[in-house]
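Enquirer: As they're listed, the protein sequences go chains A and B.
Position one of the first sequence corresponds to residue 1201 (the working numbering), numbered consecutively onward.
Position one of the second sequence corresponds to residue 129 (the working numbering), numbered consecutively onward.
Among the hints, erroneous ones may be present.
As the list claims (entries may be wrong) - Facing chain A, according to a computed beta carbon distance under 10 Å, are these residues of chain B, among others:
| hint | residue |
| --- | --- |
| 1 | 192 |
| 2 | 200 |
| 3 | 208 |
| 4 | 220 |
| 5 | 223 |
| 6 | 299 |
| 7 | 302 |
| 8 | 305 |
| 9 | 342 |
The hints are simulated quantities; they were obtained by calculation from the structure and are not laboratory data.
Don't be surprised by glycine CBs; every beta carbon is placed ideally from N, CA and C.
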Amino acid sequence: MAALFDNLGALSLALLEINLRMTASAIALALPIGCLFAVGRLSRFPLVYYPVTAYVNVLRSSPLLMIMFWAYYTGPMITGHPNSAYVAALVALSAFEVAYFTEIVRAGLQSIPLSQRRAGLATGLTSGQVTRLVTLPQALFRMAPSLLTQSIIAFQDSTIASIIGVPDVFQSTNIINAREQRPIALYSGLAVMYFVLCYLLSRAVRGLEARAQRRIAGGAP
Amino acid sequence: MPTELDWSILWSEPYGGWVVDAVLTTLELALLSWAFALIIGTLAGLARESPHLAVRLVATAHVEIFRNIPLLVQLFFIYYVLPRVLPMELRHELFRLGWEMGSAVLTLALYTSAKVAEHVRAGLNAVTRQVKWSALSTGLTWWQAQRYVTAPLVLRIIVPSLTSEFVTVFKSSSLAMTVGVVETSYLTQEIGFQSFHWIEANTLGTAVYLSCAWSVAGLMSIIERRTHVPGLLRRGTGG
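Please build the complete structure, drawing on both the sequences and the hints.
Expert: Laid out in structure tokens, this is it:
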């Protein structure tokens, strides 16, 4: 157990500085793009609809690890500009989450009654304004629990960055284990750390979901 | 560093044979894990609705544990920590038999079974109480009612949500490379490191996963059509 407690500081720091920061940055990048793509997925212009749909289908069917390989090893072979492992992992995680956020926001947009869109257009708003001011905010509110759940999954997936060499909490555990040879204490510790964080977060999301549902149910005419 | 693309590297010596082996390993890994996940997940899903509190608690713990810990951490935990509780001879035997593959299948099966269990539970809740009570009132025991009435109905209702979990198994199996299973991702990295033909290797790896995912989706849509419960809303029928 000493192996775990002596290194708890280093592990927490890696969790905070790499995993949490990468997840937060990836969400900040992916959510706006996901909203744009969601609108694109509902577009009637084939030049918008088909590329966005293809992107979502390809990215959702590939393992995150493959996308990390593209971002870290293969991408620089094409562009000639190497990235640090952290930046590559961040790009890959964001690109991956864009696909998931797109589908969640699209489902949210489709759950808003068409009458709202027509009412918005009737007041003289343009189609873009209706989306931006009327339907999209409601879609995001309705889908907040799903978006948050997906963000918790992204937080867990951020450990995959260790495979391309990002010194995240998982990589740090491996390094400490190589030195201390205490796999039981170290991996159990890491598992408990993640479990507590993700369990509490998902409980909070479930609470939020129940509240949102009451509000939607109460607000309906 | 190669300056030109050379796709033939993927089927010429020495990589050609390795590619076939690696793809077969990915298929074996994913299909085995999926089979176990379906069995464990169905049982665990039924257990969550059990009349016994202890059974419900164990089933809930199973879902929460495997859902809230990253798959990579679970994999290392099972690969490194599980053998440590065994006596030395058994431990050696385990590694001699190929614990890399064994631990990967075990982890993937348990991880996926937690998700399957959640879908099963959602399906159970979708079957109305009237149906369950009717089954019980005909004189069936709780277990018989589950086995002959609820389960067949639930399994048909949850086919669409199982499709996405089935696809996810193939994607998740890529992490098995970290404990030394030579599957598609492992080989992608190996070809890349050895030959620097990253573009060819990575294209191949991605193509393998995409074909797996899309074949599964195609297959499952046939099953979805066959097992559709008459009278329920179906994808593509509007509403």
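Enquirer: Does the closest beta carbon of chain A sit nearer than 10 Å to the beta carbon of residue 220 of chain B?
Expert: Violated - the Cβ of residue 220 of chain B stays beyond 10 Å from chain A, reaching only about 17 Å at its closest.
Enquirer: Holds or violated: the hint that residue 223 of chain B contacts chain A, with Cβ atoms closer than 10 Å.
Expert: Because about 14 Å separates residue 223 of chain B from the closest Cβ in chain A, which is outside the 10 Å limit, the hint is violated.
Enquirer: Hold the hint about residue 302 of chain B up to the distance rule: shortest CB distance to chain A must be less than 10 Å.
Expert: holds, 4 Å
Enquirer: Against chain A, is residue 305 of chain B within 10 Å by beta-carbon distance?
Expert: holds, 8 Å
Enquirer: Do the numbers back the hint for residue 342 of chain B, that is, is its least Cβ distance to chain A under 10 Å?
Expert: holds, 7 Å
Enquirer: Min Cβ distance, residue 200 of chain B to chain A: is it shorter than 10 Å?
Expert: holds, 5 Å
Enquirer: Hint check: is the beta carbon of residue 192 of chain B less than 10 Å from a beta carbon of chain A?
Expert: Nearest chain A Cβ about 6 Å off; hint holds.
Enquirer: So, residue 299 of chain B near chain A? Judge it on the closest CB pair being under 10 Å.
Expert: holds, 4 Å
Enquirer: Given residue 208 of chain B as an interface hint, is the shortest Cβ-Cβ distance to chain A below 10 Å?
Expert: holds, 4 Å
Violated hints, listed in ascending order, are 4 and 5; each of the other numbered hints is respected by the structure.
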